[in-house]
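Kindly produce the complete structure, drawing on both the sequences and the hints.
Residue numbers (my numbering): 1 to 128.
Treat each hint with caution, since some may be false.
Subject to a maximum C-alpha distance of 20 angstroms in a straight line, what follows is the list of computed SDA-like cross-link-like pairs (lysine to any residue) [unchecked claim]:
no.	residue 1	residue 2
1	Lys93	Ser58
2	Lys86	Leu68
3	Lys97	Gln61
4	Lys97	Ser58
5	Lys99	Leu62
6	Lys93	Ser114
7	Lys88	Gln61
8	Lys86	Glu57
9	Lys86	Glu112
10	Lys102	Gln87
11	Lys95	Thr63
12	Lys93	Ser70
13	Lys86	Ile116
14	Lys52	Gly108
15	Lys95	Ser59
16	Lys97	Gly118
17	Lys56	Thr81
18	Lys95	Asn107
19	Lys99	Leu68
20	Lys56	Asp101
21	Lys99	Ile69
22	Lys97	Ser76
23	Lys52	Ile116
24	Lys102	Lys88
25	Lys88	Ser59
26	Lys56	Leu121
27	Lys102	Pro120
28	Lys99	Lys88
29	Lys99	Phe113
30	Lys52	Lys99
31	Lys102	Ser85
32	Lys95	Glu112
33	Lys93	Ile69
34	Lys102	Leu55
35	Lys56	Phe92
36	Lys95	Pro111
37	Lys86	Thr122
38	Lys99	Thr81
Hints were generated in silico from the structure; no laboratory data involved.
For clarity, every value in this text was computed on a predicted model and none was experimentally measured.
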Amino acid sequence: SFFRSYLPLIPSFLVTLSRDHSSHYSHHKSYQSIIREMASRSVSLNHSHDEKILLKESSVQLTSLTDLISTRRILSLYPSTLVISKQKGGTFKTKEKVKIDKVWISNGSSPEFSFIIGWPLTNYLVQF
Numbered sequence: 001s002f003f004r005s006y007l008p009l010i011p012s013f014l015v016t017l018s019r020d021h022s023s024h025y026s027h028h029k030s031y032q033s034i035i036r037e038m039a040s041r042s043v044s045l046n047h048s049h050d051e052k053i054l055l056k057e058s059s060v061q062l063t064s065l066t067d068l069i070s071t072r073r074i075l076s077l078y079p080s081t082l083v084i085s086k087q088k089g090g091t092f093k094t095k096e097k098v099k100i101d102k103v104w105i106s107n108g109s110s111p112e113f114s115f116i117i118g119w120p121l122t123n124y125l126v127q128f
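What follows is the structure in C-alpha cells.
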C-alpha cells in the first residue's frame, strides 16, 4: 500500500505510537512523544513530498494561556510542521502553522487529558 512504501522513511517510534489509540491518555501522550522526539532529533525526511504525510490528527480544545479564550481546533502533525486549523463545513481553515523545532510542550494540570504547548509568543492548554 501507499503507506507501507513510506514506512522506512518514518522513525519507528511514530509507527508504534500510531497503533495505540485506546484512550485519551495514550492519544495525547503520543502527541507529546512525537513532538518531543521530532524536535530533539530534528527529524527531516529525504523527499519534499514526504512533508505531506499526515502523522497524527485530532480534534482538541485549545485554551489560550494569554486571554483564557477556548476554541475547538484540529491539530494535524506532519514530519516537520504542526498545523492548527478550524473545521468550517466540510473543509479546514488553517489558523496556525508552526515548525516542530519551534514547539515546546509540558504536562497540563490533568496529565491524562491535557498538555501545554507553546512556541514563541504563544502558549495553549490542549485538552482532549
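Hint check results:
no., hint, in the structure
1, Lys93 <-> Ser58, "holds (15 angstroms)"
2, Lys86 <-> Leu68, "holds (18 angstroms)"
3, Lys97 <-> Gln61, "holds (17 angstroms)"
4, Lys97 <-> Ser58, "holds (15 angstroms)"
5, Lys99 <-> Leu62, "holds (18 angstroms)"
6, Lys93 <-> Ser114, "violated (23 angstroms)"
7, Lys88 <-> Gln61, "holds (15 angstroms)"
8, Lys86 <-> Glu57, "holds (12 angstroms)"
9, Lys86 <-> Glu112, "violated (24 angstroms)"
10, Lys102 <-> Gln87, "violated (24 angstroms)"
11, Lys95 <-> Thr63, "holds (14 angstroms)"
12, Lys93 <-> Ser70, "holds (17 angstroms)"
13, Lys86 <-> Ile116, "holds (19 angstroms)"
14, Lys52 <-> Gly108, "violated (29 angstroms)"
15, Lys95 <-> Ser59, "holds (14 angstroms)"
16, Lys97 <-> Gly118, "holds (12 angstroms)"
17, Lys56 <-> Thr81, "holds (11 angstroms)"
18, Lys95 <-> Asn107, "violated (23 angstroms)"
19, Lys99 <-> Leu68, "violated (24 angstroms)"
20, Lys56 <-> Asp101, "holds (17 angstroms)"
21, Lys99 <-> Ile69, "violated (23 angstroms)"
22, Lys97 <-> Ser76, "holds (10 angstroms)"
23, Lys52 <-> Ile116, "violated (25 angstroms)"
24, Lys102 <-> Lys88, "violated (27 angstroms)"
25, Lys88 <-> Ser59, "holds (13 angstroms)"
26, Lys56 <-> Leu121, "violated (24 angstroms)"
27, Lys102 <-> Pro120, "holds (7 angstroms)"
28, Lys99 <-> Lys88, "violated (24 angstroms)"
29, Lys99 <-> Phe113, "violated (24 angstroms)"
30, Lys52 <-> Lys99, "holds (14 angstroms)"
31, Lys102 <-> Ser85, "holds (18 angstroms)"
32, Lys95 <-> Glu112, "violated (26 angstroms)"
33, Lys93 <-> Ile69, "holds (19 angstroms)"
34, Lys102 <-> Leu55, "holds (18 angstroms)"
35, Lys56 <-> Phe92, "holds (15 angstroms)"
36, Lys95 <-> Pro111, "violated (25 angstroms)"
37, Lys86 <-> Thr122, "holds (17 angstroms)"
38, Lys99 <-> Thr81, "holds (4 angstroms)"
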